[in-house]
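Produce the complete structure using the sequences and hints provided.
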Amino acid sequence: MRVNFTVNGRPQQADDVWEGESLLYVLRERLGLPGSKNACEQGECGSCTVRLDGVPVCSCLVAAGQAEGREVVTVEGLAEYARLRARDSGDADGACGTSLDEAKGWRADGADAQTGEGAGLSPVQQAFIDAGAVQCGFCTPGLLVAADEMLERNPDPSDADIREALSGNLCRCTGYEKIMDAVRLAAARQSEGV
Amino acid sequence: MDFLRPASWEEALAAKAEHPTAVPIAGGTDVMVEINFDHRRPDYLMDLTRIGELSAWEVGQDTVRLGASVPYATIMERLRPELPGLALASHTVASPQIRNRGGVGGNLGTASPAGDAHPALLAAGAEVEVESVRGSRRIPIDDFYTGVKRNALAPDELIRAVHIDKADGPQQYSKVGTRNAMVIAVCAFGLALHPGTRTVRTGIGSAAPTPIRARAAEDFLNAALEEGGFWDNGKIITPSVAKRFADLCAAACNPIDDVRGTASYRRHAVGVMARRTLTWTWESYRGAHRTTEGVA
Amino acid sequence: MPTNGVPTKITQGSGTKGGIGESTLRPDGTLKVTGEFAYSSDMWHEDMLWGQILRSTVAHAEIVSVDTAEALATPGVYAVMTYDDLPTEVKHYGLEIQDTPVLAHGKVRHHGEPVAIVAADHPETARRAAAKIKVEYRELPVITDEASATAPDAVLVHEHRDDHHVGHVPHPNIVHRQPIVRGDVAAARERADVVVEGEYTFGMQDQAFLGPESGLAVPEEDGGVHLYIATQWLHSDLRQIAPVLGLPEDKVRMTLAGVGGAFGGREDLSMQIHACLLALRTGKPVKIVYNRFESFFGHVHRHPAKLYYEHGATADGTLTHVKARIVLDGGAYASASPAVVGNASSLGVGPYAVDDVDIEAIALYTNNPPCGAMRGFGAVQACFAYEAQMDKLAARLGMDPVELRRRNAMEQGTLLPTGQPVDSPAPVAELLRRVKAMPLPPERQWESSEGADVRQLPGGLSNTTHGEGVVRGIGYAVGIKNVGFSEGFDDYSTARVRMEVVGGEPVATVHTAMAEVGQGGVTVHAQIARTELGVAQVTIHPADTRVGSAGSTSASRQTYVTGGAIRHACELVREKVLDLGRRKLGSYHPAWAHAELLLEGGKVVTDGGEVLADLVDVLGDEAVEVEEEWRHRPTEPFDLRTGQGNGHVQYSFAAHRAVVEVDTELGLVKVIELACAQDVGKALNPLSVVGQIQGGTTQGLGVAVMEEILVDPRTAKVRNPSFTDYLIPTILDTPTIPVDVLELADDHAPYGLRGVGEAPTLSSTPAVLAAIRAATGLELNRTPVRPEHLTGMS
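Residue numbers (the numbering used here), protein chains in the order written: chain A, 1 to 194; chain B, 1 to 296; chain C, 1 to 794.
Any given hint might turn out to be false.
[What the hints assert, rightly or not] Just the calculated beta-carbon pair ranges, DEER-fashion:
no., chain 1, residue 1, chain 2, residue 2, range
1, B, Val148, C, Asp84, 56 to 66 Å
2, B, Glu283, C, Ser794, 27 to 37 Å
3, B, Ala56, C, Asp85, 51 to 61 Å
4, A, Pro11, C, Met438, 54 to 64 Å
[Claimed, not checked] Short, incomplete list of chain B residues facing chain C, as computed with Cβ under 10 Å:
no., residue
5, His19
6, Val33
7, His91
8, Val259
9, Arg275
If you're looking for bench data, these hints aren't it; they were derived computationally from the structure. All C-beta atoms in this analysis are idealised placements derived from N, C-alpha and C, irrespective of residue type, glycine included.
Right, here's the structure in full:
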């Protein structure tokens, strides 16, 4: 079957999709966006987390056909997504977060948007590097999407809030301490930036 | 495999009538795992996420009509006052990502004894609204679970909504798992006080072939509360009553040994959860009772 | 800056930014946070096919027949291969013993053993075709434990053993046996005032790396193949792959793809040979990616173990003797079992000074899943048991458990039970002192003005307690792990370092075959090159087999051994650069001939800091390149009867204090804090060091309270091959992990460093168990501990 949807602001079309394929498979194997990771394919690890119409979901549990006409943001588009959110929130009257309409109006430009090249890093991406939250990095894309969305909703999270929000993302390397550091750092930088 | 994308409820019913083996998919939590791991190859997958009404809810006078696909995250955030037990249960479902997408309809459709919503639905009192091209009917939750991963649905029927009694008293929910988040229940327990009818209702998950109520325990407690005038005097429930209630809840279980836990542990844990949730709900009821007395 | 005209003497690298000792950031960090980093499962090629493996549904059976006709006739299928299609006489592989069939031949020995492979144009086509292969099995009785393995009429898991261990093992179903005998235990027991015994069980742990086994094999025009692969040791893979393919090693090119964690689980081959076979058969690139279910069958696990211990002590707490028997279940194939036996036996008393020791360790062949390398192997299982024994002994003596450990703690100069002196700092007592001195987390942190925060209580979000039944417990443990490959193994690494001017700047390129699996080797390798060559720009060349072997990314050895090789190569490059400078510019300044010269900040300087030349001018158009092997001090095998011998090269020590809260009624555990003190010799990158310690600590926590592969003892089939039922800690299960890093140099090692990665995995588990024992008063002789064990409901 054919599936059309928008990924990181760009319309995408996939042909000859087998009906049992997941959104994750289509992103990775058909659209050249392997940033979302295939660690468990059973919704237990969060490494495939993307935003589907703004909502963080496990893309391994979304049938490709269910994505028809929807808006998907993957780790490859996270920096641009965060940049536009920051720009928009500057205009908005102190509101944090991006409304669905704003998200839909967003479109990454340039051929590099798919790979993230040429785009600066989002605050949470930079914080993960700075805090040493990346080791093997396989959990990182999913954690970044989840953490970025939490900070959008809750710019000043407690440690328990961070742990709860990231409890769907398994990491096997770090013991999570440096991930906690990274999210705290991103939150602090974000509040300084406002 | 064919992928069906009904745009409306009527289209979905027609498709299900034409293809009774079609597997409905909404949040995908169960269905996609079975497909990804090659456990299931249905002839038809039927996507229900285009049908907006399934993600809507209405708060009525006495009940909440909860669309089958209202995500658990929404239940937690928006329906806690009306459905406190189900909101607590929703919070124990898997992970934030799953709670963003999965809904009660999936739990009911799969009818796994380990589904997190079941004990809360049993305790609150609910009816499942199902429909086919032949017509609509409401199945009382007590009659819904018919066997291990089997429910009362006919092959051509789809789950449209759940009608859940609005809480008229405190409700609680506990679930034992061997991890502090993102875990399938070893066993679970739901308890609802219904001061309006002066009854309590229970729900037990993962400790019998289907989700069940502990009816003997409910009967015992209803009688004990009535006899002691507890609903009126708001006294602390005596430890012997709580213990007897817990023992009867444990006795209601018919669990198995499996990779997640032993049968004897499940029985034990249900007893502990029954006692604790009774204490929490009753403390809450007494608190509300005292406040009401004070105002009056 | 010198102020009085007398230049301060400087040393190589001390003025270089981004050198060793700094927490420089990962060079692959940006790629990893943007999703661009190419892991092995991300590989893609035009016209590639997908490989699928058909695995046995039973654990032990003769294969009566295999019928592939229907699979082969499936549209979209390009190849189906079984044992009969293997191209050469070499049909087995293995790390030390080549006992593992590439595809099953006549018999399967464990659940999930590969029987046939398929290549097709879509993964679903390949899956459907594999399902059409008809395999008829005639089931055999299963060997699942020591009793069934060594029974007089036991079926032999391997009928025709000809490996070098078969001569000294008491039974052909025993892979390897290593006794360690020192002193006279019988006489020592007479001196003991107290003797404690215990029987302990360690469950089967999975590495549970997140990146699944995967890779892409691309056939090449010369008849060879290029494999892009996630592994821990490219050259070890190559040595095993090439003979099966019938190709010389130079026609099997290997490039390291991104590795999503390893922890020992990628030391053995998984899909490597299968992908290459299918690529060569079809002439097309073939990609294989395991899903999580298959991953549980696709790699070896940590050996489950039974451990029987007897400890004796005098009334003042001085150990008199240790007697132990350690039975490791190696499963169906040998993998790293012999080395696991060596570690378990030689480190079986732990970091304590004991003169009279009698230890026997064995690994069994069974029909259980094959077990091999996982972080800390052998030492992890032993540490769980000997630390439980130390607590038991302390309780019997009425002593503080930390005090008992400090009284018996080994020091530099202590002899191991193998007779080998510990010839570098062994700050066991100091680590215990430090970890005990850390402030304790406050009690009842879950209390808040709005009631109990269930996220901070046992049970977490599942809302099982609001404080009822919750009891706190504190426990301590300390462990010892060998660093590097032991027992006489020629443990070396190779580094190629090149220096040249690129874009007007001096740039060093470091090329090794080291597998970066997430540990941060690439970060410290660049730091070493900066320190040794005084340049800012260092390029880490992708790891491949065009350079010599780096050895394995395991045994906590890469910073030591490949780091050592890079330093050595850099020293040679530095000499060559200075020679070049002397030839070109020596006549301009007498210091070229007389002074100690260094490379700093892209310049040649004297040790007084005087600049002689820019490296750009010294190098000009020339490139200086060196490729050299480097090895650590040699070790020797253990004597097969007595276990005596200088088998190890270095040790790593860590101590933990665990604070737990247990819901004693429901048997649920919340670890509140897991503090660690570890000696790392020299922290080349402090941020990475702490990350390794925290990660290792958490894997130890996992096997303390939740992680276990469950195997049905009647069928030897795996019962929980999924992330739904094999649980690893989430962020809500993992506590704060304060780390105190001690740096006591090991003079034998580069920069004095000590391997870091494994030691924290040892002591974490027994510390958590000790804390749970303290909270519950239960004996708890197995790990992981499950709720039913804490409530008497098992």
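Consistency of the hints with the structure:
no.: 1; hint: Val148(B) with Asp84(C): 56 to 66 Å; in the structure: 42 Å, violated
no.: 2; hint: Glu283(B) with Ser794(C): 27 to 37 Å; in the structure: 33 Å, holds
no.: 3; hint: Ala56(B) with Asp85(C): 51 to 61 Å; in the structure: 58 Å, holds
no.: 4; hint: Pro11(A) with Met438(C): 54 to 64 Å; in the structure: 56 Å, holds
no.: 5; hint: His19; in the structure: 21 Å, violated
no.: 6; hint: Val33; in the structure: 8 Å, holds
no.: 7; hint: His91; in the structure: 6 Å, holds
no.: 8; hint: Val259; in the structure: 5 Å, holds
no.: 9; hint: Arg275; in the structure: 9 Å, holds
The structure fails hints 1, 5 (numbered hints given earlier, in ascending order).
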